[in-house]
Amino acid sequence: MPLSASCVIVPIDFSEESPRAIAAALQFVDSDTHLHLIHVMPPLETMSPGFIMGNLTDDIRRQRVQEALGELAAASNASDATLAVAIGTPGLEIADYARAQAADLIVIPSHGYQGVKRLFLGSVAERVLRHAPCNVYVVRRSDAE
Amino acid sequence: MLRRYRLSFVAVAFAWCLASAWALPEAVCQEVVAEAAAVPAAAKAPSLAETIDTRFGVVVGYMASVLFWEPVQAIPIPLIVLILLCGSVFFTIYFGFLNIRGFKHAIDITRGRYDNPNDPGEISHFQALTSALSATVGLGNIAGVAVAIQTGGPGAVIWMMLIGLFGMTAKFNECTLAQVYRKVHPDGTVDGGPMYYLEIGLQQRGIPFLLAKAFGLVFALFCIGGSFGGGNMFQANQATSAIRGMVGSAFGVTSGRIDWAIGAVLAFLVGLVIIGGIRRIGQVTEKIIPLMCGIYVLAGLVILAMRADQIPAAAALIVRSCVSPEAAFGGFIGVLVQGIKRAVFSNEAGVGSAAIAHAAAKTDEPVREGMVAMLGPFIDTVVICTMTALVVIVSGAYAEPAAGEGVEMTRWAFAETFSWFPIVLNISVFLFAYSTMISWSYYGEKAWQYLFGKSREAVISYRVIFLGFIILGAVASLQNVIDFSDLMILSMAFPNVIGGIILAPRVKTMLKDYWARYQSNEFTTYR
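These protein sequences, in sequence, are chains A and B.
So the first sequence is residues 1 to 145, counted in the numbering used here.
So the second sequence is residues 1 to 527, counted in the numbering used here.
Errors might be hidden in some of the hints.
Below, computed lysine to any residue pairings styled on SDA-like, alpha-carbon distance capped at 25 Å [claimed, not checked]:
| # | chain 1 | residue 1 | chain 2 | residue 2 |
| --- | --- | --- | --- | --- |
| 1 | B | 183 | A | 64 |
| 2 | B | 183 | A | 126 |
| 3 | B | 287 | A | 88 |
| 4 | B | 183 | A | 66 |
| 5 | B | 183 | A | 88 |
| 6 | B | 287 | B | 431 |
Please keep in mind that the hints were generated in silico from the structure rather than gathered at the bench.
This is chain A alone, in the form it adopts within the complex (with noise of 0.2 Å):
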């Protein structure tokens, strides 16, 4: 594919595959500027003590995977990429926001679990090839079973 894309999703789960997955999703665009990296967060557990007796609520969370996107995307060559932090199921809510942004192509990393891993790990990355308004680069772990 050229350089071309206007916008570009990377889902980032801060697992070792996420800065490959932004490594490779460089390569679509001529500029970082073009990219937008998601993280989606799952629902605040509402009787967890740290929300009950602690100060944990989403805008703190928000803030939080915020910083830690910011470190990521300039430890990756990606500090002009937009940020974004979405709560939810992460399948859905990454072809949400694709669908929001108009988004060309989304670059997803898969863990590449096999067999019984699979069975219990599921996948973010199928769910969003099934979602997905625009066109999926699925990047393989390097040492994908």
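Please build the complex by placing chain B on the supplied structure of chain A, with the hints as guidance.
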């Protein structure tokens, strides 16, 4: 969308429950509530409640045959009790009586001496301890002790205390492991508990993935069962029976309908916190619980002070009946088994539930949180249970047939001195049950997430099922359902204690290192 409408959802569910309570014919209500005195089953088709009860009965029977299997013919100790006893004693010896030598340090940590606000985690050491205690302090300390004395005689108290002391190191082991193998997410939230340390830790010890995963899965399944049973239905049931009389006479309503109404109100109140996300209620509850504990312990101490002259005789009776127990209580072993069972139900040491709460504590020293967790069984069993036991014995309630059973006996014992106490006790039981349900809904949801993921659908479905079980628990006095709850909580100890023993060497290495640094004053203090 669900998020936007979650409050209206709870409100509609509440309204529906109330409406159905009043719309139900009185006969149906009575039938659901009836227990032993139920209408003869043969006379008519079984009700929904009876059908559920029968189904549970089959499962309970099967599980009980495994859990309460007595491996040694000559010594009738059930397998699960043996595992819990051996596990607790093993941990205590293996960690060099840490429950005694680490006691002072544990109190220092809980007081916040080493609290670094920048450590990863959600809550302070003290908050983790109170959170775990709000799940364990409650009916086990009020009703469980009376049951132990009733079925095991006064001697059972000694065993409760001893297993409380040994349980401290079992708690240390599981909560340290929960910290070691927890996952801290970038948003600051934490996932931890036996399902994680069993799965990851056992694999690190060379156990194949499938087997390690099976340990985690089995634990999570039992934990979800426990959260619907002992952490929910049993609590709802006891809370309802505690305030039924008070509310019923205030509104002039008969018991069948009042149970539905109390169940609906309870489910609504829990729903406000777990679905509505109303933090204020949770915060208030967390503050009221220590206060209720304080009032309870204070009342007990005043009674004991007023009857100080009788304490030596009571202590002598406890020791005497422990050493040479009456045959009526099943002899030496019978007393031992009762003491252990009730102690474990009360402090949950070896069960692994508290490890889920302690995993969330802010620290980068896993051993430190384990030390804090150690105080749980001490406060729960060695202090509160022993005090209840002494009051029950000095008041003579244990030998008084009019005193009743379980929570009734404790109520009678306290009312002997303070006639107003039953009202305080009823309110305490209600609040203890409420906070236990909220804490256990967290444990259950963590296990549920481990199995089904964290998607909104998964999380909301667990919470809705949880609320449904509250109403079921309030309206039905189903013995088999309650037995099922107890079995689920005991079963959690199977994977947890066995896995915990396999993982103990890692904890020991960390403890050695930590203790050496503690003794050479290497830790920064913040207060």
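**Item:** Hint numbers contradicted by this structure
**Value:** 3
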